[in-house]
Amino acid sequence: MKRRKVDLQQAPVNAAKGVDERFQAATPLRALLNKVFPDHWSFLLGEIALFSFIILLLTGVFLTLFFDPSMKEVAYEGAYPALRGTEMSAAYESSLHISFEVRGGLFMRQMHHWAALLFMASIVIHMARIFFTGAYRKPREANWAIGMILFLLGFLAGFTGYSLPDDGLSGTGLRIASAIMLSIPVVGTWLSASIFGGEFPGHLIIGRFYIAHVLLIPGGLLALISVHLGLVFKQKHTQWPGPMRTNTNVVGERMFPRYALKQGGFFMAVFGTVALMAGLFQINPIWLFGPYRASEVSSASQPDWYVMFMDGLVRLMPNWQIYIGDYSIPPLFWPAVVGLGALTTGPIFWPWIEARKSGDKRIHNLLERPRDNPERVGIGAMAFTFFIIATLSGGNDVIADKFHISLNAMTWAGRIGMLVLPPLAYFISVRICLGLQQHDREVLAHGVETGIIKRLPNGQFVEVHQPLGPVDDHGHPIPLEYGGWVVPKKMNRVGALAPAVKGFFFPVEKPAEAPVSPGMPPVSGDTREEITSGRK
Amino acid sequence: MTSDTPAGRRLRVFSRRRGAPSKTRRRLGAAVRMVAALALAGGVYTAFAPGAFADEPRQLSATAQEGKQLYDNSCITCHGRDGQGVDDRGPSLIGVGSASVEFQVGTGRMPMVRQEAQAEQKKPQFDKNQTKQLGQYIQELGGGPQLPSGELVENLEENPEALARGGELFRVNCTSCHSFTGAGGALSSGKFAPALHDATPEQIYAAMLTGPQNMPVFGDNQLTPDEKREIITYIKVQLQDDRDPGGIFNLGGYGPSTEGIAIFLVGIVLLVFTALWIAGKS
Amino acid sequence: MTTLHDDATATQKAVDVSDPRLSRFDIVKEGLRRDEIEIITYESQFQGTNSKAEKRVVRNIALLFIIAGLGALAFLGFYIWWPWRFELGETLSDFYTPLLGISLGVSLFALGLAILAWAKKLLPHEVSIQARHDGGSPTDEQKITGQTMMFVADELGNGVQRRPLLKGAIGFGLAPIGLVAAAPLIGGLIENPHKDELPIMYTTGFNPGKNGGNLVRLTREDGSPIRPEDVSTGGQMTVFPGIPHGATNEYADSPTLLIHLRADDAQKTREAAEADRRNQGSMWGDYVAYSKICTHAGCPASLYEQQTNRLLCPCHQSQFLITRNAQPIFGPATRRLPMLPLGVDEEGYFVATSDFKDTVGPDFWERP
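Residue numbers (UniProt numbering), protein chains in the order written: chain A, 1 to 536; chain B, 1 to 282; chain C, 1 to 368.
What the hints contain is simulated information worked out from the structure, not anything from laboratory work. Be careful, since some hints might not be right.
[Stated by the list, open to error] Quick list of simulated restraints, FRET-style, between CB atoms:
| # | chain 1 | residue 1 | chain 2 | residue 2 | range |
| --- | --- | --- | --- | --- | --- |
| 1 | A | His439 | C | Trp82 | 53 to 61 Å |
| 2 | A | Leu424 | C | Asp140 | 52 to 60 Å |
| 3 | A | Lys72 | C | Ala183 | 26 to 34 Å |
| 4 | C | Ile329 | A | Leu419 | 21 to 29 Å |
[What the hints assert, rightly or not] With a straight-line cut-off of 27 Å between C-alpha atoms, the simulated BS3-like cross-links for lysine-lysine are:
| # | chain 1 | residue 1 | chain 2 | residue 2 |
| --- | --- | --- | --- | --- |
| 5 | C | Lys143 | A | Lys234 |
| 6 | C | Lys143 | A | Lys361 |
| 7 | C | Lys210 | A | Lys72 |
| 8 | C | Lys195 | A | Lys72 |
| 9 | B | Lys132 | A | Lys402 |
| 10 | C | Lys29 | C | Lys121 |
| 11 | A | Lys402 | B | Lys123 |
| 12 | A | Lys17 | C | Lys29 |
| 13 | C | Lys29 | A | Lys234 |
| 14 | C | Lys143 | A | Lys138 |
Treat the numbers as computed from the prediction; the structure is a model and nothing was measured. Where is the CB? At the ideal position from N, CA and C, for every residue including glycine.
Required output: the full structure, derived from the provided sequences and hints.
Right, here's the structure in full:
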């Protein structure tokens, strides 16, 4: 038989050809390799959520290998001496087993929990970025809505996961969840009985939460995250206004090699941060909480931070009960069911509300600087102030205790703050935006303040301004049009001086990137005459 | 704790601590209690009776004499002469016992700086010896609960299940105010349950016995001295001396609130700075 | 494909990729042209090859990769050899998790920084522009697809319209199948909360019906009964129904707080209780027992302040005044804590003379 010589160099080519003949991958693959992404630090916030989700999947799968979602009562005989002989559910026992008898199990548990907190935190931060820059405008309304649903799913995933170990703290949370279900008019008792399989806590809830936590909710998250990213891909990322950047292009880096490499590096940084936190900070020491008993509770019983806003609203709610004939609606219903429902679903409709209000039907691929839309910033500041007060009130007993404030005073401060501070935040942020806008316009019209005071022959003192653009015959700057992007306001921003601190923040607003108007060429340092105080 | 076989000990964990005693034992118990009550009443009477004749000098031991000196200097303003109490200023100290003094003075809560919602713990004004003397004085004034002598922390080598039992009792009786981690917690209107991190076994015992401030009283009928010792063992061994296995920092043991702060202050801040660096032009 | 917006790409000429004179970068550029991308800058960040700056950057990146590797090795070392079994006290094993975290964290973070530094500092600096196409498909495409969908709808819809028998049959056939999908879910999941003879919403373990008609004793968590003198004056005790499993979560509504009040407080409490229809005669001596389950959200409202006689719930800070029938005086709770009628049996132990007369636990719609 004739031995065929294998051409090693040609092998990958042949393999690639083979793949393409079957899948016709060449064209889409090239488009993928070449896709251009804009680059800005705030565009990476959503990635933190994505990467935390991947960490959650990895660590979560590890935990399922050891977790037993059963509420069967067993007597603990494991490695942790302070619970030996205690009756507990198998779920709690296996959580202790993971913590103390699986090598590295506690580390995995802590990574999982920290990643969950990071997931929700980055979703909120990412959402704030999207909101304040107007990135949700047409054509991206759907992605905003999906993002909100992702928050809600993350909320549910977090709550079900928090409940699984069946420890003293999470059991208290479950009890409150059952009370929230009970508070729903007409169907409350039926709903609670159906979900818990009878009276609270029953024997089913951990198993039911388990399947929701490891299959149903992550399935939903995975599907929606795919759609979320797919839409970003299809619609291409928004970008800030800037040199060469228009509504019909994307300026940035190609996906490969640089952008993808950065993403990979950032993933490792997120992973490393989660691992570092899991090692440095103890989280949820369930072994101290003991098994859940309906009679036991701890002071400072709180849910994880992303549920705290709801808990805070529940705490602040005055005791108003509504009676309808023989029936009644308990006060718990309003913050926990109506409040949670409204706060998580209401914002979904914001893009359409705003578009309707402004009558704006255009497509927006360029972001808006927050200051350029004070109305939106005001509403956002109002919403976030509300959210922050509610969240702080969710921990108001810890604040009261550690800062020696009366607990009752904290509750009242929250109640009053909830009504007073959001409008105040609206007012203040709108004023700040308007002020910043005005300053931008002043600089464009007159140039940058140099800090140099000149005395005119007639004795008058004037400050010298460095024009940003051309000047007219009298040497006065010709007013420039605002381009929607950073206006240099200090001399070191226009290259007259070296930046005070080199490195970190300086390049973000590098003046060469900053055209003062779309029509103007970027300002460059060497074409300008040097300004001095006159003394050489 | 005299069970000597491990099986016996194990059984104890689940068995009822107090079965219904037999009739004779109950009667006997009632008789004993009766005698004790009479003796106590007599004791209280003898303690009170001289109070009526204030000028008559009291028969005090030498230690108590020293204590009286301290009392007359530092405590008399609020608690009145001979611990009778002053309306709206300080309660009567008759019957509070030396345990109460050990706690209130030993933790620096007494003497108070000013009238407030709750006496704050501060640096004790009296040393151990002086506290003992004050305690002796109050004890001799009106009787009351006293700290037992002997070890207050169980020896876990001899009695290993004391830890788990103490944990159980701690969660039933103490965590609702002092929290699972012993970090303390808020009560209504500015009052609070203090953290247990620095509490000594004597202080914890005295606090349970006397119910200082708004803390409920856990008398010896309610939590037997053994049970109190088990609780102290849990606090000491598990909450105070054991290093948390889950991290260098335990975030104060305040639960999800500090964890939430940590994820923003550490996690988000670190990653936002990383993002700034990534996108910054070099 | 025509480019509508971007003049830059429009000016580029297509090249024949089979031309052997083309460099690889030329071919890449042809690909970019087809994807409507124009590279504005693509230049090395260093002047000349092997510049000093470049060497420094390379050294730093190499260092980061080495740190990543060392961290990973440290992780493995700690994972395998560090003592990890839990021990009480300050032991080496307490540092197992922290060491894993720190070594892995440092390793991964260094790896991340190494990759980032590589991308940021070594790869050529790049600015590319890609055109985007918004605003829907061309109108003719829209029309074609729309008409196709209408055509499909016509075929199916009108077909059914014209054939009434089919219409009925489809409806009849599909609707029950939809119900089949819903039936096991609804039938299996839905529980009637009011079905039991002793309805779960209104019954606790103190109901004599749970004890064969006999009065239920108050017990500790270990099941031992309680005599009046077991509770100290100014003290409180969590008590459970003295029935099998009475102290377990099976009777999650039953935990009760038995309080021994001081005489003057007891007097006040008694006056308030006697004035109340439901709580009349529920106290025994200076003892009063309230449900521990908060009427707001069901947490144990068990922070007993013995001097101010308040009960505080640690979950939402509702405060109840013991001396006034546990009326809520602060926080979101609207309903007072139910009082358990107390008695003492012939053996001298506390019993509940009946179940709670109010509904225990969080409030709901149909509570009487």
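Would you say the C-beta atoms of His439/A and Trp82/C sit inside 53 to 61 Å of each other?
Given about 58 Å between the Cβ atoms, the range holds.
Do the Cβ positions of Ile329/C and Leu419/A conform to the proposed distance bound of 21 to 29 Å?
Holds, at about 22 Å.
With respect to the beta-carbon atoms only, verify the hint that Leu424/A and Asp140/C lie 52 to 60 Å apart.
holds (55 Å)
Straight-line alpha-carbon gap Lys132/B to Lys402/A, limit 27 Å:
Violated - the C-alpha atoms of Lys402/A and Lys132/B are around 32 Å apart, more than 27 Å.
Given pair status - Lys29/C, Lys17/A, alpha carbons within 27 Å
holds (21 Å)
Hint check: Lys29/C vs Lys121/C, CA-CA at most 27 Å. Holds or violated?
holds (23 Å)
Does the Cβ pair Lys72/A, Ala183/C satisfy 26 to 34 Å?
At 30 Å between Cβs, range holds.
Straight-line alpha-carbon gap Lys29/C to Lys234/A, limit 27 Å
holds (22 Å)
Are the Cα atoms of Lys143/C and Lys234/A separated by 27 Å or less?
holds (22 Å)
Taken at face value, is the distance from the CA of Lys72/A to the CA of Lys210/C at most 27 Å?
Status holds; Cα separation ~22 Å.
27 Å limit on alpha-carbon distance, applied to hinted pair Lys402/A and Lys123/B:
Given that 27 Å is the threshold and the Cα spacing comes to 19 Å, the pair holds.
Does Lys195/C pair with Lys72/A here, judged by a C-alpha cut-off of 27 Å?
The hint holds at about 25 Å.
Figure legend: structure checked against the earlier numbered hints; the only hint not met is number 9.
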